[in-house]
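K.L.:
Listed below, chain by chain, are the residues.
Protein chains: 2
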Amino acid sequence: MRKVLITIAYNGRGYHGYQLQEDLPTIALMLNNAVNSAFGFECNVTGCSRTDAGVHALGFCAGIEPKSRDNEITVPVEKIPIAINIKLPPDISVLSAKEVNVDFHPRYDAIKKEYVYKIHASRIKNPFYDGLALEYGREISDTGVEKMNEAASYFVGTHHFDAFMSQGSSIDDTERTVYSAKVERNGDLVEFTVSANGFLYNMVRIMVGTLLQVERGKIPPNSIPGIIESKNRENAGFTAKPDGLYLKKIVYNS
Amino acid sequence: MRKVLITIAYNGRGYHGYQLQEDLPTIALMLNNAVNSAFGFECNVTGCSRTDAGVHALGFCAGIEPKSRDNEITVPVEKIPIAINIKLPPDISVLSAKEVNVDFHPRYDAIKKEYVYKIHASRIKNPFYDGLALEYGREISDTGVEKMNEAASYFVGTHHFDAFMSQGSSIDDTERTVYSAKVERNGDLVEFTVSANGFLYNMVRIMVGTLLQVERGKIPPNSIPGIIESKNRENAGFTAKPDGLYLKKIVYNS
Chain H
5 MRKVLITIAY NGRGYHGYQL QEDLPTIALM LNNAVNSAFG FECNVTGCSR
55 TDAGVHALGF CAGIEPKSRD NEITVPVEKI PIAINIKLPP DISVLSAKEV
105 NVDFHPRYDA IKKEYVYKIH ASRIKNPFYD GLALEYGREI SDTGVEKMNE
155 AASYFVGTHH FDAFMSQGSS IDDTERTVYS AKVERNGDLV EFTVSANGFL
205 YNMVRIMVGT LLQVERGKIP PNSIPGIIES KNRENAGFTA KPDGLYLKKI
255 VYNS
Chain S
5 MRKVLITIAY NGRGYHGYQL QEDLPTIALM LNNAVNSAFG FECNVTGCSR
55 TDAGVHALGF CAGIEPKSRD NEITVPVEKI PIAINIKLPP DISVLSAKEV
105 NVDFHPRYDA IKKEYVYKIH ASRIKNPFYD GLALEYGREI SDTGVEKMNE
155 AASYFVGTHH FDAFMSQGSS IDDTERTVYS AKVERNGDLV EFTVSANGFL
205 YNMVRIMVGT LLQVERGKIP PNSIPGIIES KNRENAGFTA KPDGLYLKKI
255 VYNS
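These protein sequence lines are chains H and S, in that order. With this note's numbering applied, the first sequence covers 5 to 258. With this note's numbering applied, the second sequence covers 5 to 258.
Just chain H, same shape as in the assembly (with noise of 0.2 Å):
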């Protein structure tokens, strides 16, 4: 039996995030829709990841197998982008298909995941990044952008981030291994970067919360290391909003 991943990207506006929610618009909702139609038989898809709702992805991953072993993908690999692609809305789209081994899990053979998060530093709204950046309402200095960048070095390493998790998530080991951390400018954005190898909820939104009283001399840089110390939510910002979030890329052994 063939098992095919695929690589998504897709503007998270208009949905309640990644996860089936009955009937609720959602992204898995529209991929399962698209792919039993495209292949012609039932089809079980397996996302990388959640994402909440108003949260993008550049590179979410999706394995797919029939749910009957009476069924075949034979659509050749390199045709399946296009095939799923006429299915979907204009907002999600297939960048790439290839095959993988049939015990292969999209979500527990994964080693690093990296996101985006892209802030509009500015005082005028920029009409096309509706739903697409944090609106900040100011600029950024570039010593705005040296002491964020600065307090992201501090994430990196393995820490209990207790204190970046959303109250309410029960979860038995909240230790995680951040492999890399850097806030830099694009253009009018700017734009904090972070791999590791998983998230707790909400994790990067809080980390931008806190990156951004660092960036108001709320908090200073190196308070960061304590704050992880302490465990206590309290101590880091506010949980930023869901729409300068990406989900940039998913990692895999080989």
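Don't take each hint at face value.
Which copy? The list can't say, so a pair holds if one copy fits it or any two copies do.
Below, simulated DSSO-like cross-link-like pairs (lysine-lysine); rule was C-alpha separation at most 30 Å, straight line [claimed, not checked]:
no.	residue 1	residue 2
1	Lys71	Lys245
2	Lys83	Lys235
3	Lys245	Lys222
4	Lys83	Lys245
5	Lys7	Lys222
6	Lys151	Lys102
7	Lys222	Lys83
8	Lys102	Lys222
By construction, these hints were calculated from the structure, which means they are not laboratory data.
With chain H fixed as given, assemble chain S onto it according to the hints.
P.N.:
For chain S alone, kept in the frame of chain H given last:
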């Protein structure tokens, strides 16, 4: 009496064009309401141009003056963008404002208009370009871009552009002077940028449809002068969708 000229940008995807159409959602309706609400009295808002449903603007200009001589715009010009922006939906933004003479007219005093048309030249659609670029469904080679650019160069000059005007429009003088016209690659987009002293109805979109006929090898680049001379709409290409069209800039004397 103070008269103010504002420059606005908008994502036209959700609107029935600029021009007021009773209660339909139009840019003018949103802008008039926001201006009246920001200043606290009724104003006349005069646009520099019409734009069709689904067309966008990077630098549309509009003049604002109180309807009644009893009212006066007292907000300092540098505070006007923010004052109006908080009354506008996120997909319309006032970029700047300046004072102009009372006899200034945003439409009749324009000496040059510039449009850009964005084509996403890829087999795979981009979910973030939905409504914001023409999804061409195929790549355009460097040779293709060169051919389109050569064809575009023939638009430059003073011509009767009847062949590039939608049928049904009634206009006396179809002569327009095109100052510049070029096609170039910009990342994953191919962009056609054209400036003129004015444009006929659908002129840019028919130019794009014709340039895409050139890209596909249906007509040679040097057939453009003959098409212009024919003054026959049937000899030009299709009318490209509004999605990719942006009013980029309006130039005024002085």
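K.L.:
If a hint holds in the structure, say so; if it does not, say that too.
P.N.:
Going through the hints against the structure:
| no. | hint | verdict |
| --- | --- | --- |
| 1 | Lys71 to Lys245 | neither (37 Å within a copy, 40 Å between copies) |
| 2 | Lys83 to Lys235 | neither (48 Å within a copy, 43 Å between copies) |
| 3 | Lys245 to Lys222 | within (19 Å within a copy, 49 Å between copies) |
| 4 | Lys83 to Lys245 | between (37 Å within a copy, 27 Å between copies) |
| 5 | Lys7 to Lys222 | neither (50 Å within a copy, 42 Å between copies) |
| 6 | Lys151 to Lys102 | neither (41 Å within a copy, 35 Å between copies) |
| 7 | Lys222 to Lys83 | between (52 Å within a copy, 27 Å between copies) |
| 8 | Lys102 to Lys222 | neither (47 Å within a copy, 35 Å between copies) |
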